[in-house]
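Peer 1: For reference, the chains in residue letters:
Number of protein chains: 2
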Amino acid sequence: MYTIDELQKILNAELQKRSSELDTQKPAGLYSPIRYSLDAGGKRLRPVLLLMAYNLFHEDIESALPAALAIEVFHNFTLLHDDIMDKSEVRRNSPTVHVKYGENSAILSGDAMAFLSYRYLMEENSLRMSDVLELFTQTALEVCEGQQFDMEYESREIVSEAEYLEMIRLKTAVLLGCSLKCGALLANSTYKIANHLYDLGINLGLAFQIQDDWLDAFGESEYFGKRIGGDIIAGKQSYPLVKAIELADDQTKQQLRKVLADEKLPAGKKIESVLEIYNQLEIKDLAFEKIQTLFLNAENILQQIDLAEPRKSKFYELMVQMQKRSH
Amino acid sequence: MYTIDELQKILNAELQKRSSELDTQKPAGLYSPIRYSLDAGGKRLRPVLLLMAYNLFHEDIESALPAALAIEVFHNFTLLHDDIMDKSEVRRNSPTVHVKYGENSAILSGDAMAFLSYRYLMEENSLRMSDVLELFTQTALEVCEGQQFDMEYESREIVSEAEYLEMIRLKTAVLLGCSLKCGALLANSTYKIANHLYDLGINLGLAFQIQDDWLDAFGESEYFGKRIGGDIIAGKQSYPLVKAIELADDQTKQQLRKVLADEKLPAGKKIESVLEIYNQLEIKDLAFEKIQTLFLNAENILQQIDLAEPRKSKFYELMVQMQKRSH
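Protein chains in written order, with numbering that gives the first Met the number 0: chain A, 0 to 326; chain B, 0 to 326.
Because the hints were derived from the structure by calculation, they are not lab data. Careful: at least some of the hints might be erroneous.
Just so you know, same-sequence chains aren't split out, so a pair can sit in one copy or run between any two.
[To be verified] Pairs of lysine-lysine residues, derived as BS3-like cross-links and limited to a Cα-Cα distance of at most 30 Å, are as follows:
1. 25 <-> 86
2. 313 <-> 289
3. 99 <-> 283
4. 252 <-> 311
5. 252 <-> 25
6. 313 <-> 99
7. 252 <-> 99
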């Protein structure tokens, strides 16, 4: 079995090879933005999850590489289009695709990436290919649904915790579940194990997103790599905000809304005021507990998976790595 | 065997049923624009071609309906995104999706349609499903490539006839070829016949697009349903323009470019001046001959298809219908 580091290295080598192949394809105006997007780096969490799941059953992961690539290309496709919709100008310290190449390119090259992900997914034959394709298609539709909810919730005053969790399940968690389940299906695992891995991915995905929200509000910017309070300034829903609105008394709720809607308030002051309210309501601890609960769920699911414990150790290791992000 | 009219009716009934199913899906903000786009009508040429090809081999077309739907949903996805890129505000006499629902909706609902087309395509089992999916994916990528060339050529002064034909092959013709070949593959035809049908679709697609260009320059607006000269005003490449630039002497070429680039020239005057040059160069007849040649190619391919002539009669009929568009 490979270590997580080894899987990351194998995957990055494959990505580099494939992305340089794209460079020879015409029209360059379509394929260059794709290469730019794939070369920008990132955690590669989703394809690594796919390879980890596959590697639970097979030592040789070669034939799972195209599917891992497919997941990463799909994920990057969503980033291209989301960045247009959210008017984000910077990603991973570089200009976003629509800033660098123009919006039309980001739309069209994004589209091409969606189809490219199907091409990669179908590259290797597998007994379970139709299961994999159905899962992938279902997941892709859910990710679109999640992004739609996310956009709609931006202008909503009250989003319940349940609504918020369902939104991030669709927007973020299902792709982690899909990655793990695809890896298992491609390795011809039982459906029972494949479904457990899917649930594991859902819990990791929810934890991951709430952790992102937590770090955005309470993290230290030198670790997190972006400025604290981005969600507050962008007027985005987040787990801390959803909980604060749920727990605040009427007066505090009014105050919170007023601060968030105040366009003249300087950014620093706005963040400070919101964090003060979060503080009163002990949101930092509450959100942290939620993250811990989700990691615990993931651990429980992992224990239920009918494989020898040593084979699963890498997953525990990954969870420890992920949990460290919050400190 | 069904008549073309009957196939159209069956297809429209299925589309209506499916599009009303979409209405119950959440979030409505994602699915309403899809329904709006599917309900807007159109010729439904591509799904009808798929059904015609399937109907060559099977009397009962029921199980080809989801794939026909997939092709139409995919085609409409390209319209949603192309209309953003081309800043088109009206389609089929109604506001385009990005005008009615906003650009973000047109991007995201378009994305969902791309995935929805895969879902429909996989709905029925078929022995040749992996062939169908590979063809569809290849076609989708080619359509993106064609759109990219189209956008790039708008700012190019010289586009050769060969480049132009390749662009419209990718942007338009391959989807007609794909529709016919999918129909044949789903009906479990031989690869030989499926490939002939693909080539037939390519020739019909090229003829169809050049006819569109011809009608835009030389048609009578009451038949065509849109104003003459739209391509000239929009600065789009078209078969007449490509031929005119190819055939004109240096002086006429200069003049043509000057007129096209002159932003102060009133639309009516600009169209008149360009048509005058087309007239001098006998572009109307030349383009018409090209269309006839492509229909003749299509007819030759049809004759080579190893099926009894009466079974193929509907295709001859369709070609006659298509040819009538130019008069």
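Peer 1: Against this structure, judge whether each hint is valid.
Peer 2: We went through each hint and held it up to the structure:
1. Proximity of residue 25 to residue 86 under the C-alpha cut-off of 30 Å is found in both arrangements, the shortest distances being 28 Å within a copy and 25 Å between copies.
2. In this homomeric assembly, residue 313 and residue 289 come within 30 Å of each other (Cα to Cα) only inside a single copy, at 23 Å, whereas the closest approach across copies is 64 Å.
3. For the homomeric pair residue 99 and residue 283, neither the shortest alpha-carbon distance inside one copy (37 Å) nor that between copies (41 Å) is at most 30 Å.
4. For the homomeric pair residue 252 and residue 311, neither the shortest alpha-carbon distance inside one copy (45 Å) nor that between copies (71 Å) is at most 30 Å.
5. In this assembly of identical chains, the alpha carbons of residue 252 and residue 25 lie at most 30 Å apart only when taken from different copies (29 Å versus 55 Å within one copy).
6. Taking the shortest Cα distances, residue 313 and residue 99 never come within 30 Å of each other, neither inside one copy (38 Å) nor across copies (50 Å).
7. Proximity of residue 252 and residue 99 under a CA criterion of 30 Å is satisfied in neither setting, with 40 Å inside one chain copy and 35 Å between copies.
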